[in-house]
Amino acid sequence: MELMRLVVTGPVGSGKSTFIQSVSEIDVVNTDERASDETKEQKETTTVAMDFGKLRFSPEFAMHLYGTPGQQRFDFMWDLLIRKAHAYILLVAANQPKQFRYARRILNFMNQRVTLPMLIGITHTDCDEAWETQDIAIALGFSAQKHPPLKIVNPLDHTSVAETLLTLAQQLYEPANHQT
Amino acid sequence: MSINVEKLNQILQEFASTTNEVQGAALVTPDGLPLATTLPARMDEERVSAMSASILSLGERIGKELARGQVERIFVEGEDGYGILTSCTEDALFLVLASHQAKQGVLMLEIKRIVEELRSVLA
Ligand SMILES: Nc1nc2c(ncn2[C@@H]2O[C@H](COP(=O)(O)OP(=O)(O)OP(=O)(O)O)[C@@H](O)[C@H]2O)c(=O)[nH]1
Ligand SMILES: [Mg+2]
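Same order as they appear, the protein sequences are chains A and B. As numbered in our numbering, residues 1 to 180 make up the first sequence, in order. As numbered in our numbering, residues 1 to 123 make up the second sequence, in order.
Isolated chain B (complex conformation):
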């Protein structure tokens, strides 16, 4: 199995540069290795990837414990912006960083669209 990393990077870069208020995005393996990333300069991609995997895995486990069913996304709302994690395929999860100015509804739709696109490349 070979992954078209170039294509993935291209999709992420386009997403980050054309979607309002998106500051970064990362596609990561479930065990926390970066597949493709476009992140703010000060962020370490290895660390961001590992953290993404930790949060999603623990979040899914907590979702189960609290009988919330299949976890659609993990939403982190901080003073300085949003971090949104979703499962993309069995082999990849997707992280988006957005500023506080982002409209949540629009952002969710954009994420849905980009995840579909990434899936088709990963398939």
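So here's chain A without its partners, still in its complex pose:
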């Protein structure tokens, strides 16, 4: 059986834990604790170690999903999780432009350690003041022509998350199409 270990990373509140919750077939291992930093203006709890979920696409193909914390102080978890990963997703909230630069920092952190198939999942596109995908690519420091695959995803929606995972899985098995 093929097992793909996928890391879901991104800034605080981009939807990493929700993403994994939406598709996992097992009770998610969740390490959310009450937030006491600026996170609490957004939501009550925040991931302090990792999320873990599983998804079986077919008898031959399963995914293990690992969600990272968002804050830099937990970057030892980023490091720990990414080193065992086969692919990763960077989630970026379209309505949080203040986090774009930080999202790019996370991306650089990962790329300094690994070279893996990845995609950027744009969340919160249904929210007020959400940026256009192309504009986000540029804000993240890419050119309009050349950027990693970008995909709009709603972490609250099982189908949307499953589609995103499938896109990434295809990338993993057709590496010729993969560009960063």
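With a straight-line cut-off of 25 angstroms between C-alpha atoms, the simulated SDA-like cross-links for lysine to any residue are:
id, chain 1, residue 1, chain 2, residue 2
1, A, K40, B, T89
2, A, K84, B, G59
3, A, K84, B, E60
4, B, K64, A, L55
5, A, K40, B, E90
6, A, K40, B, T86
7, A, K43, B, G59
The hints are simulated quantities; they were obtained by calculation from the structure and are not laboratory data.
Could you slot chain B with the ligands onto chain A? The hints should help.
Positioned in the frame of chain A, the structure of chain B with the ligands alone reads:
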């Protein structure tokens, strides 16, 4: 809510300097921010605090998965000493670093005592 950080620091410093073989201690929020710390010079308090929160949270989750009931403490025994994590209040966890020479029983009693003291300040 205001926390008497000065008092907390004072308690930790006294604990570390008067308890045999204790090398450091930290009081940390459940999401990994330092409240009060007294740590060996080479250790970064922000990193130690974040790691403490990660270990305790994951440890509690594993305790549940393995049907161990409420987790009293997480005990890390390394070649060069001990790291002991306990939950202090809902808003704070407590880390103690001790050398290998520490007597475990005495250390546990000392931790129990100091946690009570910290609780009364945090209440
Ligand atoms: N409207 C809307 N809400 C979303 C979307 N994605 C996520 N959310 C909400 O945004 C919040 C995201 O919270 P989490 O999933 O905990 O975020 P996280 O990335 O795990 O955050 P940290 O663990 O703190 O780093 C939740 O309340 C979700 O319901 C989206 O696309 N649209
Ligand atoms: Mg999370």
